[in-house]
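Protein chains: 2
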Amino acid sequence: MNKSNKRSNQGSTPFNLAGLKFATCCSGTKYENRDDLLLIVLDPGSHICACFTTSTMPSAPVIWSKNNVRKTQNLKQKLVLLVNAGNANAFTGKQGLIACEHKALALSNLFQCDIKNIFFSSTGVIGEQLPHHKIIKHFDLLRCELSDSALEAASNAILTTDLKPKIYTKKFKISGKIFTISAIAKGSGMIMPNMATMLAFIFTDFAIDKKTLSTITKKGIQESFNRISVDGDTSTSDTVFVATTNKKCLEFSKERRKKAIDSFYNELKFAMIDLAKKIVMDGEGASKFITVRVKNAKNTYRARNICFSIANSILVKTAIAGEDANWGRLIMAIGKTRIKLEVTKIKIYIQSLLVCKNGQGVDVVDELSLSKALKKRNIDILIDLAEGDREFTVWTSDLTDEYIKINADYRS
Amino acid sequence: MNKSNKRSNQGSTPFNLAGLKFATCCSGTKYENRDDLLLIVLDPGSHICACFTTSTMPSAPVIWSKNNVRKTQNLKQKLVLLVNAGNANAFTGKQGLIACEHKALALSNLFQCDIKNIFFSSTGVIGEQLPHHKIIKHFDLLRCELSDSALEAASNAILTTDLKPKIYTKKFKISGKIFTISAIAKGSGMIMPNMATMLAFIFTDFAIDKKTLSTITKKGIQESFNRISVDGDTSTSDTVFVATTNKKCLEFSKERRKKAIDSFYNELKFAMIDLAKKIVMDGEGASKFITVRVKNAKNTYRARNICFSIANSILVKTAIAGEDANWGRLIMAIGKTRIKLEVTKIKIYIQSLLVCKNGQGVDVVDELSLSKALKKRNIDILIDLAEGDREFTVWTSDLTDEYIKINADYRS
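Protein chains in written order, with this note's numbering: chain W, 1 to 412; chain R, 1 to 412.
No lab work stands behind these hints, which were simulated from the structure alone. Heads up, some of the hints might be wrong.
No distinction is drawn between identical chains; accordingly, a pair holds when it is met within one copy or between any pair of copies.
[As the list claims (entries may be wrong)] In silico lysine-lysine, PhoX-like type, Cα no more than 20 Å apart, as pairs:
# : residue 1 : residue 2
1 : LYS94     : LYS66
2 : LYS211    : LYS347
3 : LYS164    : LYS247
4 : LYS137    : LYS247
5 : LYS298    : LYS340
6 : LYS295    : LYS116
7 : LYS347    : LYS94
8 : LYS295    : LYS372
9 : LYS345    : LYS376
The structure presented is a predicted model; accordingly, all values stated were derived computationally and were not measured.
Produce the complete structure using the sequences and hints provided.
In structure tokens form, the structure reads like this:
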């Protein structure tokens, strides 16, 4: 593994999972002096499921993987996942899909597995053909380097404009048995549900059937990756893969099974929320981590729409970047949803300080305390609609001139 | 009129309209050393109509004026319009409406007209109480200074973050008679249909009944102000007023009347498009004027949605700011609308250069020509969906670090 230019993971050493191996290298397709190609191989008997971007212009790897996830994988064979950073292989027409086919044939030969056991993710510039020959010639090397302790290297190899790698790793107990989740993610721009340019690869040894895993994966994504936004732009490449090696089984009754699945779901959701928040914290040019919560709404739809209208408002994001308690922009963002509200009932809190109620600003608001509170890295915005009992939360970042610099110069 | 800090209008001297007078002064409510209060008085016999923001959090002046526009004005009396810059009087509760009442009572006494003949616009910070007493004490002075040749001063007094005043003035002939339109506008941030923080005041002497004027005003706005976007944020204060002094009548048959109204509509629309474009050109921190056109769509809804998705994408706007022909971001913006398209039919042109077709980039695209073309101030993006015969156009600006600076520091 090429170590120069590697961004360090500030967490502890990630937990390995038996039956899960990684290898990385520099493909020579885009970046120099850093690894940008990641091979992941899971032992036979593993299950994999995934959720993909809602973009109507999905990348070739999304089309490919979506198609394969629907099929029943050959459980007697390995599962193979290949990820490259720097080129999204999106809007690349037939050639883009041919690139996937070529890579899949080579991997199928190398690992003696069916094509339907092979999955891809690509992230990077849209619209450039993927030089798949350059990638394929590294496969032998990658196979030789496969290691079960290379999660950190893996987390680095999938990054694009990210400043930090994103790793989640935890051991947890269910019914007295210890299980592991280890996961990596990337993403810091083009971030908006449904999932934006983000990739996440979540692995566990908790044995679970594919159908149930798929159901709880979707549910978990609604509570995590679909609640973040950096710039309101949705990518053509977003994918969350969740895979289990099925190495650790629990023997139990139907009733105990439900409880165990619930416990596992909570662990999975926790991992997803952690990674989702890490993506926001690493938002391009971001200086603030913002939690927008709408509570006491008539229904979740209203709460969700108001959350995202605030989280995606350039004016709100720039005000927070400037540490300016300009709550008028929150009003603007609420107003533009066109959701009819009883204006006089709304209460708005910034950093737990009430800034407006009864349809107007609060006279007693202590601007100095507010200014001070806004200097913190974590900003909490709470909107109380006082019309029901539903709520929603969205995590986002502020918008700084650094974001503009990163994105104006992205391709150059 | 306080002339220091005045921003100059680069056009020629605006045409005066008989029966239309302006006066400006520095109110002392927000700005120092510049006029921020504008009084407009129209002779008895005038008609006024208006369109307002769709925000569900409209400002007090919007609530006030919307209510008055619906009423039948007293034609024997003057029409009075008061505009202030620096304070939007939005989300100011009952006190905000009381401020309008106080101002209206004072103006009603001063100009001997009914309350229903009085209209307000305010633009600036949301959520701060308007110090209406400070404003009212300038009314006598303003009345003394009323002049029919102060359109340029008027155009300056309504600005907030604008760099330039926005004036439109034209004489035109209908059925051999000469008419005039003279208009002013402000706006450069929080710009998104339906109308954003923009104010426009359009005046004519073309005699026309209120109902017809109202109908063509709405129609014209759809073709102009509702086709622009700077940052996708909709303000609480947007208003377009269109007023006629009714000083110049045409005597004609029913058939000739229709033709004359059509001619006048074209002139009005032209004025609105001109002002709308001027707002975009003066977009906060903008370095580019971008025209996004979707043609050959199945219906206008699809064309419109794709236009705005592109125009509001932060990633598209930053790429153009960086003069980067990153058309992949156009694909991203089209994809995130979730409108199902035949991807292989789509053609995308930047500056008239074909950059993609058949679901992928065009091999022969001359990156050098494209880079050179992107250095121009005016950028044209054309999406040909090849699925129908409908089209839509949106005008927008790029997003630069200057925008962030302006908006992070707005209140300070």
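Now the hints, each set against the structure:
Taking the closest pair of Cα atoms, LYS94 and LYS66 come within 20 Å of each other only inside a single copy of the chain (16 Å); across copies the shortest separation is 55 Å, beyond that limit. Taking the shortest alpha-carbon separations for LYS211 and LYS347, neither the intra-copy value of 43 Å nor the inter-copy value of 40 Å comes in at or below 20 Å. When the C-alpha separation of LYS164 and LYS247 is checked against a cutoff of 20 Å, the pair qualifies neither within a copy, at 31 Å, nor between copies, at 68 Å. Proximity of LYS137 and LYS247 under a CA criterion of 20 Å is satisfied in neither setting, with 32 Å inside one chain copy and 81 Å between copies.
For the identical chains of this complex, LYS298 and LYS340 are intra-copy neighbours only, at 11 Å inside a copy versus 32 Å across copies, given an alpha-carbon limit of 20 Å. In this assembly of identical chains, LYS295 and LYS116 lie within 20 Å of each other by CA distance neither inside one copy nor across copies; the values are 44 Å within and 40 Å between. For the identical chains of this complex, LYS347 and LYS94 are inter-copy neighbours only, at 16 Å across copies versus 53 Å inside a copy, given an alpha-carbon limit of 20 Å. Taking CA atoms no more than 20 Å apart as the test, LYS295 paired with LYS372 passes in neither setting, with 25 Å inside one copy and 51 Å between copies.
In this assembly of identical chains, the alpha carbons of LYS345 and LYS376 never lie at most 20 Å apart, being 28 Å within a copy and 50 Å across copies at closest.
Figure legend: structure checked against the earlier numbered hints; hints not met, in rising order: 2, 3, 4, 6, 8 and 9.
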